[in-house]
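S.K.: Protein chains in written order, with my numbering: chain S, 66 to 392; chain W, 66 to 392.
Keep in mind the hints are simulated off the structure, nothing from the lab.
These numbers come from a predicted model, not from an experiment.
Watch out, some of these pointers could steer you wrong.
Since the list can't tell identical chains apart, any single copy or any two copies may satisfy a pair.
20 Å max Cα-Cα, derived PhoX-like pairs, lysine-lysine [to be verified]:
hint, residue 1, residue 2
1, Lys-260, Lys-75
2, Lys-371, Lys-381
3, Lys-203, Lys-261
4, Lys-381, Lys-337
5, Lys-386, Lys-301
6, Lys-337, Lys-152
7, Lys-89, Lys-203
8, Lys-152, Lys-164
9, Lys-152, Lys-108
10, Lys-203, Lys-90
11, Lys-291, Lys-203
12, Lys-291, Lys-164
13, Lys-381, Lys-108
14, Lys-89, Lys-355
Protein chains: 2
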Amino acid sequence: MFTFEELLEKINTEIQKRTQELRKKEPLRLYEPVDYTLEMGGKRLRPVLVLLSYNLFSEDVSKAIPAALGIEVFHNFTLLHDDIMDKADVRRNRPTVHKKFSENGAILSGDAMAFLAYEYLLEIESARITDVARLFSKTALEVCEGQQLDMDFETRLDVTEEEYLEMIRLKTAVLLACSLKTGALLADAPEEMAKKLYDFGINLGLAFQLQDDMLDTFGNQETFGKKIGGDILANKKTFLLIKAIEMANSEQSERLHYWINKEDFIPEQKVKEVIAIYNQIGVQQQIRKKIDSFYLHSLEILDELKVSEDLKNPLKSLSNKMLQRVF
Amino acid sequence: MFTFEELLEKINTEIQKRTQELRKKEPLRLYEPVDYTLEMGGKRLRPVLVLLSYNLFSEDVSKAIPAALGIEVFHNFTLLHDDIMDKADVRRNRPTVHKKFSENGAILSGDAMAFLAYEYLLEIESARITDVARLFSKTALEVCEGQQLDMDFETRLDVTEEEYLEMIRLKTAVLLACSLKTGALLADAPEEMAKKLYDFGINLGLAFQLQDDMLDTFGNQETFGKKIGGDILANKKTFLLIKAIEMANSEQSERLHYWINKEDFIPEQKVKEVIAIYNQIGVQQQIRKKIDSFYLHSLEILDELKVSEDLKNPLKSLSNKMLQRVF
Chain S
66 MFTFEELLEK INTEIQKRTQ ELRKKEPLRL YEPVDYTLEM GGKRLRPVLV LLSYNLFSED
126 VSKAIPAALG IEVFHNFTLL HDDIMDKADV RRNRPTVHKK FSENGAILSG DAMAFLAYEY
186 LLEIESARIT DVARLFSKTA LEVCEGQQLD MDFETRLDVT EEEYLEMIRL KTAVLLACSL
246 KTGALLADAP EEMAKKLYDF GINLGLAFQL QDDMLDTFGN QETFGKKIGG DILANKKTFL
306 LIKAIEMANS EQSERLHYWI NKEDFIPEQK VKEVIAIYNQ IGVQQQIRKK IDSFYLHSLE
366 ILDELKVSED LKNPLKSLSN KMLQRVF
Chain W
66 MFTFEELLEK INTEIQKRTQ ELRKKEPLRL YEPVDYTLEM GGKRLRPVLV LLSYNLFSED
126 VSKAIPAALG IEVFHNFTLL HDDIMDKADV RRNRPTVHKK FSENGAILSG DAMAFLAYEY
186 LLEIESARIT DVARLFSKTA LEVCEGQQLD MDFETRLDVT EEEYLEMIRL KTAVLLACSL
246 KTGALLADAP EEMAKKLYDF GINLGLAFQL QDDMLDTFGN QETFGKKIGG DILANKKTFL
306 LIKAIEMANS EQSERLHYWI NKEDFIPEQK VKEVIAIYNQ IGVQQQIRKK IDSFYLHSLE
366 ILDELKVSED LKNPLKSLSN KMLQRVF
């Protein structure tokens with residue numbers, strides 16, 4: 066049985082090996098942005114989830130590494146194309162690909178990463194390879210659906226809590242769930258267990274994304290790593306804003322809409338004022354309740370999984386870390 | 066045994082069925098551009114090649130249809146993203162996706178098509194499904210490499226004939242070859258035959274792309290369907306320009322570079338003058354020789370294929386049509 070840290074080490078070693086190979090491939094201008102993106106780092110959560118899940122049923126985790134890598138390459142592809150669509154200039158303290166190279170370069174190298182993800186994924190030798198590839202394709206399409214919903218919400222003020230949860234399920238949760246199920250399928254786990262791990266991932270993913278929303282507004286800038294209040298400044302339809310609009314009395318609602326519609330403002334002031342309204346309404350308590358509920362449900366599902374309890378510990382400890390953001 | 070027309074009919078029926086399904090999928094803004102792209106029409110060459118190749122070995126072509134469709138969806142994905150990169154406003158007499166919808170919409174719906182292509186491809190039930198998916202991923206990555214080389218050539222005047230042929234091999238020929246090999250693999254044909262069909266496709270694809278270059282300059286506007294001289298106006302490094310630069314005497318070279326470097330010109334005059342230089346040098350004969358050589362080589366490969374001669378006729382007749390552009 067491997068710890069989270071040991072599996073992360075395996076993933077990082079493999080990524081290093083692959084990026085070295087990519088640096089030798091032609092045309093250079095296609096593969097340089099791919100290499101740049103993969104070398105940027107990141108938490109490598111998804112590939113580690115593949116291996117942790119695989120490791121519940123089988124010790125030989127090396128067999129699952131190409132699939133884990135494929136999912137990580139796919140995740141990085143989505144970040145690359147999302148950054149073009151969001152016109153984001155910086156990711157992980159470095160210029161985004163379309164800023165550093167060119168927009169055309171970012172589109173095409175992103176496309177190449179999508180196919181590279183499949184190339185890695187399909188390296189695996191497994192009786193369940195078709196199931197894995199089908200699950201991956203379905204998931205990839207769902208992630209696109211989630212990104213589209215997120216863009217659709219930009220121009221709407223009437224997004225419901227239910228619609229929001231469906232958006233983050235597609236945009237964030239299904240890929241975590243897919244990672245976990247992929248590990249189980251590759252280890253040839255029974256269908257029922259693979260499904261449970263998928264559901265565990267959905268609940269964990271929803272809690273994880275909601276916490277990201279919470280920290281964007283109520284977090285500590287240093288441990289969060291991004292500037293606080295970005296969502297408020299962009300009028301992003303997060304759980305907090307949706308809940309605030311839903312729960313506000315008429316005076317709070319008026320103030321909230323004043324700040325949403327104001328085009329000329331001092332950023333710090335808008336963030337401060339909107340947080341004050343959020344605090345009056347008590348949306349932080351609401352989001353905390355929601356996060357806890359999804360997180361507890363994910364643990365219940367894990368409890369039902371019929372493998373020995375000590376095997377589940379690395380997965381539990383990673384979930385715990387994810388929700389406390391200590392790494 | 067099916068004729069080209071019968072197989073085309075099957076493909077078109079299937080595309081109609083699938084686009085009807087796509088129109089019901091949410092979010093609408095993600096799937097509308099996909100539907101729009103697939104409904105634009107086109108020659109459906111690649112899916113028909115899958116079925117023609119399959120039909121050399123097996124009668125039950127319906128089994129290969131999802132894979133044929135996947136390849137067609139992938140081909141349309143490349144057109145969609147290429148149009149963004151080329152800033153093209155019109156395709157098949159209709160506004161391109163990024164013009165009709167938005168650039169972000171075109172990026173994301175294109176991405177969705179890439180995954181939809183796999184979803185269709187992976188519907189097939191076949192012992193060779195992994196081989197097919199691996200070939201497809203390798204090919205998709207090569208097509209990205211070809212597109213990158215094509216973009217790299219824009220800023221170069223020293224592109225060699227060999228580099229050019231490698232670029233069109235990647236950008237155009239490998240997908241035709243992949244279509245043919247996919248049909249063979251799905252019909253469980255021997256590896257050697259699948260390989261021959263692949264090589265047949267490479268040679269056919271090279272001839273096809275060279276002819277496209279030739280017609281862009283020397284074609285008849287009505288039968289070609291695009292405005293004549295577009296490549297000349299864009300200083301595109303086609304076989305014609307590369308060969309002209311290579312073969313020009315010093316006076317011809319000077320006139321050619323004059324027109325390449327001139328920033329202010331009357332389009333019709335530039336086209337007329339460059340064609341006059343091409344005619345003096347005799348590049349049309351050069352490209353015709355090259356087309357014939359690839360085409361004849363493709364037929365030689367087909368001759369070597371050990372299936373009965375009459376089975377090869379639909380494939381031969383399609384190649385013939387492709388090279389004469391009568392449809």
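S.K.: Would you mind marking each hint as holding or not holding in the structure?
M.R.: Evaluation of the provided hints:
Taking the shortest alpha-carbon separations for Lys-260 and Lys-75, neither the intra-copy value of 26 Å nor the inter-copy value of 37 Å comes in at or below 20 Å. For the homomeric pair Lys-371 and Lys-381, the shortest alpha-carbon distance inside one copy (15 Å) is at most 20 Å, but the shortest distance between copies (59 Å) is not. Taking the shortest alpha-carbon separations for Lys-203 and Lys-261, only the intra-copy value of 18 Å comes in at or below 20 Å, while the best inter-copy value is 33 Å. For the identical chains of this complex, Lys-381 and Lys-337 are neighbours neither inside a copy (36 Å) nor across copies (72 Å), given an alpha-carbon limit of 20 Å.
Taking the shortest Cα distances, Lys-386 and Lys-301 never come within 20 Å of each other, neither inside one copy (26 Å) nor across copies (54 Å). Taking the shortest alpha-carbon separations for Lys-337 and Lys-152, neither the intra-copy value of 25 Å nor the inter-copy value of 42 Å comes in at or below 20 Å. In this assembly of identical chains, the alpha carbons of Lys-89 and Lys-203 lie at most 20 Å apart only when taken from different copies (17 Å versus 32 Å within one copy). In the homo-oligomer, the alpha carbons of Lys-152 and Lys-164 lie at most 20 Å apart both inside one protomer (9 Å) and across protomers (19 Å), since each shortest distance falls under that limit.
In this assembly of identical chains, the alpha carbons of Lys-152 and Lys-108 never lie at most 20 Å apart, being 23 Å within a copy and 36 Å across copies at closest. When the C-alpha separation of Lys-203 and Lys-90 is checked against a cutoff of 20 Å, the pair qualifies only between copies, where the shortest distance is 13 Å, while the shortest distance within a copy is 29 Å. Neither within a single protomer nor between protomers do Lys-291 and Lys-203 lie at most 20 Å apart by alpha-carbon distance, with minima of 31 Å and 37 Å respectively. Taking the closest pair of Cα atoms, Lys-291 and Lys-164 come within 20 Å of each other only inside a single copy of the chain (19 Å); across copies the shortest separation is 34 Å, beyond that limit.
Taking CA atoms no more than 20 Å apart as the test, Lys-381 paired with Lys-108 passes inside one copy only; the shortest distance there is 17 Å, against 54 Å between copies. In this assembly of identical chains, Lys-89 and Lys-355 lie within 20 Å of each other by CA distance neither inside one copy nor across copies; the values are 47 Å within and 32 Å between.
In this structure, the earlier hints numbered 1, 4, 5, 6, 9, 11 and 14 are contradicted, and the remaining ones agree with it.
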